[in-house]
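Peer 1: Each chain, written out:
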Amino acid sequence: MEEKLKTHELVIVGAGPAGMAAAVEAVRVGLSPLVLDENPQPGGRLLAAPPPALSPPKARFGAPGDRLLQEFRQSRGQLDYQPSSTILGFFDDNEIAYVQGDRLHQGRYRALIVAAGAYDRPVPLPGWTLPGVVTAGAALNFIKQQGVFPGKNILLAGSGPLQLALAYRIAESSGRITGIAEASRVDGPGLVQAIRGNFDLMSQGLKYLLGIKRRRIPIWSGHVLTRVDGSRKVESATIAKVDSEWRPVAGTQRTIAVDAVCLGYGLVPSTEITRLLECQHEYDLRLGGWVPVRNPAMGTSREGVFAAGDCAGVSGGAAAILEGRISAFSAAALLGNLTPAEADERRGNMMRRLRSIKRFSAYVQNVCSPRSGLFALPDDETIVCRCEELTLKDIRAALVNSPPDINDFKRATRTGMGRCQGRMCGPFIQEVMAAARRISPGELGTLHVRPPVKPIQLGSLIKLDEC
Amino acid sequence: MNGLRAKHAVNRGQGFEFTFDGEPVPAYAGETIATALVAAEKMTLNTSEKRLHPRGVFCGIGLCYGCLVTVDGTPNVRACQTDASPGIVVESQQGNGRLWKKS
Chain A
1 MEEKLKTHEL VIVGAGPAGM AAAVEAVRVG LSPLVLDENP QPGGRLLAAP
51 PPALSPPKAR FGAPGDRLLQ EFRQSRGQLD YQPSSTILGF FDDNEIAYVQ
101 GDRLHQGRYR ALIVAAGAYD RPVPLPGWTL PGVVTAGAAL NFIKQQGVFP
151 GKNILLAGSG PLQLALAYRI AESSGRITGI AEASRVDGPG LVQAIRGNFD
201 LMSQGLKYLL GIKRRRIPIW SGHVLTRVDG SRKVESATIA KVDSEWRPVA
251 GTQRTIAVDA VCLGYGLVPS TEITRLLECQ HEYDLRLGGW VPVRNPAMGT
301 SREGVFAAGD CAGVSGGAAA ILEGRISAFS AAALLGNLTP AEADERRGNM
351 MRRLRSIKRF SAYVQNVCSP RSGLFALPDD ETIVCRCEEL TLKDIRAALV
401 NSPPDINDFK RATRTGMGRC QGRMCGPFIQ EVMAAARRIS PGELGTLHVR
451 PPVKPIQLGS LIKLDEC
Chain B
1 MNGLRAKHAV NRGQGFEFTF DGEPVPAYAG ETIATALVAA EKMTLNTSEK
51 RLHPRGVFCG IGLCYGCLVT VDGTPNVRAC QTDASPGIVV ESQQGNGRLW
101 KKS
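For the record, the sequence lines run as chains A and B. Here the first sequence is numbered in the numbering used here, starting from 1 and rising by one per residue. Here the second sequence is numbered in the numbering used here, starting from 1 and rising by one per residue.
Do not take every clue at face value.
[Unchecked claim] Calculated cross-link-like contacts (lysine-lysine; reagent style BS3-like; alpha-carbon spacing at most 25 Å):
| id | chain 1 | residue 1 | chain 2 | residue 2 |
| --- | --- | --- | --- | --- |
| 1 | B | Lys7 | A | Lys213 |
| 2 | A | Lys233 | B | Lys42 |
| 3 | B | Lys42 | B | Lys7 |
| 4 | B | Lys50 | A | Lys233 |
| 5 | A | Lys410 | A | Lys233 |
| 6 | B | Lys50 | A | Lys410 |
| 7 | A | Lys393 | B | Lys50 |
| 8 | A | Lys454 | B | Lys50 |
Treat the hints as calculated values from the structure; they're not laboratory data.
Let's have the full structure, built from the sequences with the hints guiding it.
Peer 2: Here it is, written out as structure tokens:
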């Protein structure tokens with residue numbers, strides 16, 4: 001059995017911008033990577049087209065995205081691309097297992113590129129579990145992929161470029177946005193520095209902003225959503241002005257009648273795979289929280305494991321594409337398909353361009369990443385762990401006597417043990433536990449990850465195929 | 001009946017119906033159960049296990065398990081990750097649903 005497992009030179013997890021770019025470059029240097037992706041179509045969150053049965057009127061991702069999708073399509077003959085595949089886990093001796101349909105597949109890799117992307121930051125606040133409260137990513141998915149609005153009168157609350165993109169997409173499809181509560185405030189001088197060499201990134205944001213202004217959608221700058229109310233679903237939302245730490249200012253609350261709320265406070269990197277592989281991680285809230293430590297060639301602390309794109313720190317699509325390409329050259333150098341000098345040469349220009357883009361994304365991160373006030377919104381009765389239905393009061397009570405390790409805390413409370421496997425509660429618990437102990441969130445360590453990386457159907461474990 | 005569907009965002013083919021708690025829900029090929037239900041303004045998909053709170057779609061990308069429904073007797077199906085298809089019987093569920101409902 002052991003001997004029969006096929007060894008792939010290169011496995012790429014994810015077919016979003018970073019994964020597709022890595023695959024395209026890997027093929028160019030003569031590799032035939034196995035590309036595993038959860039979604040039925042390539043593109044990830046950013047570049048996925050609607051399903052074939054809901055074909056869009058026109059392609060509309062802009063030049064770099066459309067070009068990458070085309071490159072990926074052209075590489076398909078040399079790729080072993082497996083869509084609708086969920087990673088089960090990684091095991092000793094570079095073994096990987098994934099589930100596709102109702103079957104389990106096993107194999108080995110020599111080099112691995114993790115391009116798992118990111119997901120919306122869950123932000124617990126009173127009323128956030130009511131039907132009608134969705135993440136900005138969910139709403140963007142709905143409108144882009146399926147042409148469906150999350151409600152009739154929509155409030156967007158969050159910070160950063162994603163919610164501008166969402167507002168623009170809903171508004172241009174004639175959806176009704178009641179208003180946009182934007183927690184951050186623009187830092188003019190910082191912006192001037194950031195846009196040098198990055199006019200393309202800036203112009204995208206300006207296009208969204210002008211579209212929103214033209215439709216007279218109110219933008220409440222320096223405001224956060226403080227609560228959502230309704231008996232069985234969203235009926236109203238309350239916003240308030242905030243100080244520089246995003247703490248609501250007393251007396252500035254206003255309640256707005258809406259039937260949908262989109263939460264868009266940035267993204268959290270999907271680090272489940274790099275954590276399972278025990279790559280070294282560091283905590284940086286500006287990058288979204290936990291991120292694998294990497295060298296400039298995208299290598300993690302673990303030999304042969306590379307990480308590219310938002311799963312290694314949220315920096316957006318343009319950066320993800322470059323990181324994907326760079327990681328492929330690094331993997332090729334490790335595998336002997338490129339000499340170190342050839343890899344350096346191919347990476348050189350891309351690294352320079354990446355540094356410039358990162359200057360821009362660092363600006364966005366500095367302005368838009370969550371401040372401490374965002375983690376102080378729940379009241380005693382607010383559910384902060386959606387799966388186990390634990391309230392902030394439950395969490396606080398457990399904090400009094402718990403040892404200072406987040407995994408002991410998990411065992412004591414069950415937070416992080418539910419179906420979401422800590423994805424929804426983890427980012428908040430990390431912050432609130434650190435604040436209570438007056439230490440940095442990084443000192444608490446990461447929640448352990450074990451297979452299955454995502455819940456799978458039991459039946460798939462008995463139908464085994466080699467991959 | 002187009003509900004919360006945008007007119008021009010995508011090209012839709014022939015419509016069909018499935019049922020949700022016994023009521024007909026219109027859908028189009030390519031839509032997920034979640035978007036067809038949201039388009040019909042059916043936002044509450046299940047009630048939470050312990051506190052019996054109403055829940056619905058939250059993350060929309062298959063991570064939060066907030067949109068669990070029972071489909072043709074199989075409980076704990078993520079509505080946001082499952083395509084709608086003609087004639088399926090979708091039911092809201094409480095907590096973990098009933099495993100042996102299928103007969």
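Peer 1: It remains to establish, for every hint, whether it holds in the given structure.
Peer 2: These are the hints, each one checked on the structure:
With a C-alpha separation of about 22 Å, the suggested pair B/Lys7 and A/Lys213 falls inside the 25 Å cut-off, and the hint holds. Pair hint A/Lys233 plus B/Lys42 holds up; C-alpha atoms about 10 Å apart against a cutoff of 25 Å. With a C-alpha separation of about 19 Å, the suggested pairing of B/Lys42 with B/Lys7 holds against the 25 Å cut-off. With a C-alpha separation of about 18 Å, the suggested pair B/Lys50 and A/Lys233 falls inside the 25 Å cut-off, and the hint holds.
A hinted pair counts as satisfied when its Cα atoms are at most 25 Å apart, and A/Lys410 with A/Lys233 does not qualify at roughly 30 Å. This hinted pair checks out: B/Lys50 and A/Lys410 have alpha carbons roughly 19 Å apart, not beyond 25 Å. This hinted pair checks out: A/Lys393 and B/Lys50 have alpha carbons roughly 16 Å apart, not beyond 25 Å. A threshold of 25 Å between alpha carbons decides the hint, and for A/Lys454 with B/Lys50 the separation of about 23 Å falls inside it, so the pair holds.
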